[in-house]
Amino acid sequence: MYTQGLDQQGPANERREGVESPADIAAFQARIDAEEKIEAKDWMPAAYRRTLIRQISQHAHSEIIGMQPEGNWLTRAPTLKRKAILLAKVQDEAGHGLYLYSAGETLGTSRDEMVNDLLTGKAKYSSIFNYPTLSWADIGAIGWLVDGAAIMNQIPLCRCSYGPYARAMVRVCKEESFHQRQGFDIMLKLSRGTEKQKEMAQDALNRWWWPSIMMFGPSDTDSKHSALSMAWKIKRFSNDELRQKFIDVTVPQAEFLGLRVPDSELEFDTATGHYKFGAIDWQELREVIAGNGPCNRQRMARRRKAHDDGSWVRAAARAYGDKQAAKKAAA
Amino acid sequence: MNSREWPLYEVFIRSKAGLSHRHAGSIHAADDQMALDHARDTYTRRSEGVSIWVVRSSAIVASDPAEAAAFFEPAADKIYRHPTFYEIPEGVENL
Amino acid sequence: MNKELALLAYVTRLGDNALILAQRMVQAVTLCPELEEELANANFGLDYIGQARLFYSYAGKLEGKGHSEDDFAFLRDAHEYRNVLLLEQPNGHFGDMMAREFLFESFYLLQLDALQSCDDTGLAEIAARAVKEIRYHLRHVSQWIVRLGDGTDESHARMQQAINDHWPYTGELFSADAVDVLLRSDFNGPDLDVIREQWQANVAAVLSEATLGKPDDGWMASGGKQGRHSEHLGYLLAEMQFLQRSHPGANW
Chain W
1 MYTQGLDQQG
11 PANERREGVE
21 SPADIAAFQA
31 RIDAEEKIEA
41 KDWMPAAYRR
51 TLIRQISQHA
61 HSEIIGMQPE
71 GNWLTRAPTL
81 KRKAILLAKV
91 QDEAGHGLYL
101 YSAGETLGTS
111 RDEMVNDLLT
121 GKAKYSSIFN
131 YPTLSWADIG
141 AIGWLVDGAA
151 IMNQIPLCRC
161 SYGPYARAMV
171 RVCKEESFHQ
181 RQGFDIMLKL
191 SRGTEKQKEM
201 AQDALNRWWW
211 PSIMMFGPSD
221 TDSKHSALSM
231 AWKIKRFSND
241 ELRQKFIDVT
251 VPQAEFLGLR
261 VPDSELEFDT
271 ATGHYKFGAI
281 DWQELREVIA
291 GNGPCNRQRM
301 ARRRKAHDDG
311 SWVRAAARAY
321 GDKQAAKKAA
331 A
Chain A
332 MNSREWPLYE
342 VFIRSKAGLS
352 HRHAGSIHAA
362 DDQMALDHAR
372 DTYTRRSEGV
382 SIWVVRSSAI
392 VASDPAEAAA
402 FFEPAADKIY
412 RHPTFYEIPE
422 GVENL
Chain U
427 MNKELALLAY
437 VTRLGDNALI
447 LAQRMVQAVT
457 LCPELEEELA
467 NANFGLDYIG
477 QARLFYSYAG
487 KLEGKGHSED
497 DFAFLRDAHE
507 YRNVLLLEQP
517 NGHFGDMMAR
527 EFLFESFYLL
537 QLDALQSCDD
547 TGLAEIAARA
557 VKEIRYHLRH
567 VSQWIVRLGD
577 GTDESHARMQ
587 QAINDHWPYT
597 GELFSADAVD
607 VLLRSDFNGP
617 DLDVIREQWQ
627 ANVAAVLSEA
637 TLGKPDDGWM
647 ASGGKQGRHS
657 EHLGYLLAEM
667 QFLQRSHPGA
677 NW
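Chains as they are written, first to last, in my numbering: chain W, 1 to 331; chain A, 332 to 426; chain U, 427 to 678.
These aren't lab readings, by the way, just hints derived from the structure by calculation.
A few of these clues could be false.
With a cut-off of at most 25 Å between alpha-carbon atoms, the simulated DSS-like pairs for lysine-lysine come out as follows [stated by the list, open to error]:
#: 1; chain 1: U; residue 1: 640; chain 2: W; residue 2: 196
#: 2; chain 1: W; residue 1: 323; chain 2: U; residue 2: 640
#: 3; chain 1: A; residue 1: 409; chain 2: W; residue 2: 174
#: 4; chain 1: U; residue 1: 640; chain 2: W; residue 2: 81
#: 5; chain 1: U; residue 1: 558; chain 2: A; residue 2: 347
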């Protein structure tokens, strides 16, 4: 159950949290190895809790910030049907952020704390959303590539060892399957359209391909969180495995669209059955994560403004709610 | 922690008549009416429900996992409470 | 104007109202005061886009010239739009948006309710579908009027100002022109005088619960229903229509 209140109820639980005996840790790992789900009130190592809070809240922030690049085209969607589909998709992202914040709250943090970490820059979100959406084709490319990459990452999370996170991800993945398809559908329409539309589609692929590939994170040899997350079954496949899988399924789709993947070294290796691809510019990823992507400042400024502009509304609703509760209690 | 955050509510949805309400997730709301609206807008976007319950998370009383053994294991050896415990003689029907 | 043209004009107006309000809601995406309200705003926007599509498709059928819903939405200029001025006003803050939706939907619900029993079955069917959506919106929005009116001193002042600012745009809702008159006489359409009375009573009840004052009816803006708009509409349409305008005939 997604209940923050429950987590903080048991003093017995807190007492035991302080001492991490080897026996407790071994028993915990045995449960994980037996594919048992860990639930909110169960004992867990502090590092497991911290890792989850970090990952779940970053995931939630990514959904929320991820609304912006697509939201950028809501007012300019080319047909009413496309406008409705895009709005439904952006709304789903808000919903996914909400499910994930709820899952994070079961670990004893509050949404306010998580949001505050985002607004102060302490918490990160997916670097992909720091790239701009410059044409309508970018909406197609995001759905097709970014959501495609996200789904590869997210499906294994449905089996994550932490119950509330796994349940949230089941819901997210169920709803997300339409996102990738609508993106591909936009690309298909454009690639079968006028010359200008085809150019638009190719330009979007050119700009979104490498950032999408980078979404899987650093190479396994450089990924500092991977090993422990794998042992805890928070993560089930390595960054490089997922990246390769994504490239293998996506390249034929690009060919179907008649678009050229912007990687001159891309080549199918019949021996391994996988595509070989060119070197990734990790310096670019580091820059974007450090805050120097094309849109980092813009995204954060918009989120902060919305948060600040809404504070009087949230305070008023809370004050009204308190008044109502007091009236009810007095009656 | 900011005490002015809107309280947390748990949301239970009946997906169709004849089924019981099931826990769907949680939302924040400043009052009970708002909680119902938020539950509707968050958890029934794809026609998932015909009825919604919301309850303040703080109002839920839960069992403690530390006491799970004392709470649940005594029921495990009472296999006679399950119908499959009994052998039914041949020729007896509708039992 | 004959009765067929009046029906076409009336249905187009309904589509224009729905679309312009939807576009304003879409502009508020990612700017809502809390995540849950983000979902609510998007739901309402989706309802309005859906209604606009139904009204425009029906208008295209009535017109009989092969125009699609997108032709109505994307290829008409500002002076051809017939939405009321209230809906094209810029979003302002959350209280402004709530005031606009509350004042409009208090009217629109009554309008749709009456249209359910009008003599044109096509229009009556769309109204029957839309009325359920708007009944829920109005409930949600009315609660916000009460919360903000009866919340803090700051929210009370902001909400009162928002109601005052939008009030002069409500007169247009009830001023019947030739289209309204023909729809009433030839299709058993809504009686705007009756609706105005009910609207006044319903709005007054919510404002009173919200501890807000009901403004006096003074000067009222008008012209939207005749295609004379505020400056805001041109920008709204320029943004909304640009892809269709710069790629004539393309499929999306």
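Comparing the hints with the structure gives:
1. 640(U) / 196(W): violated, 54 Å
2. 323(W) / 640(U): holds, 23 Å
3. 409(A) / 174(W): At roughly 39 Å apart (the allowed maximum being 25 Å), residue 174(W) and residue 409(A) break the hint.
4. 640(U) / 81(W): violated, 39 Å
5. 558(U) / 347(A): holds, 19 Å
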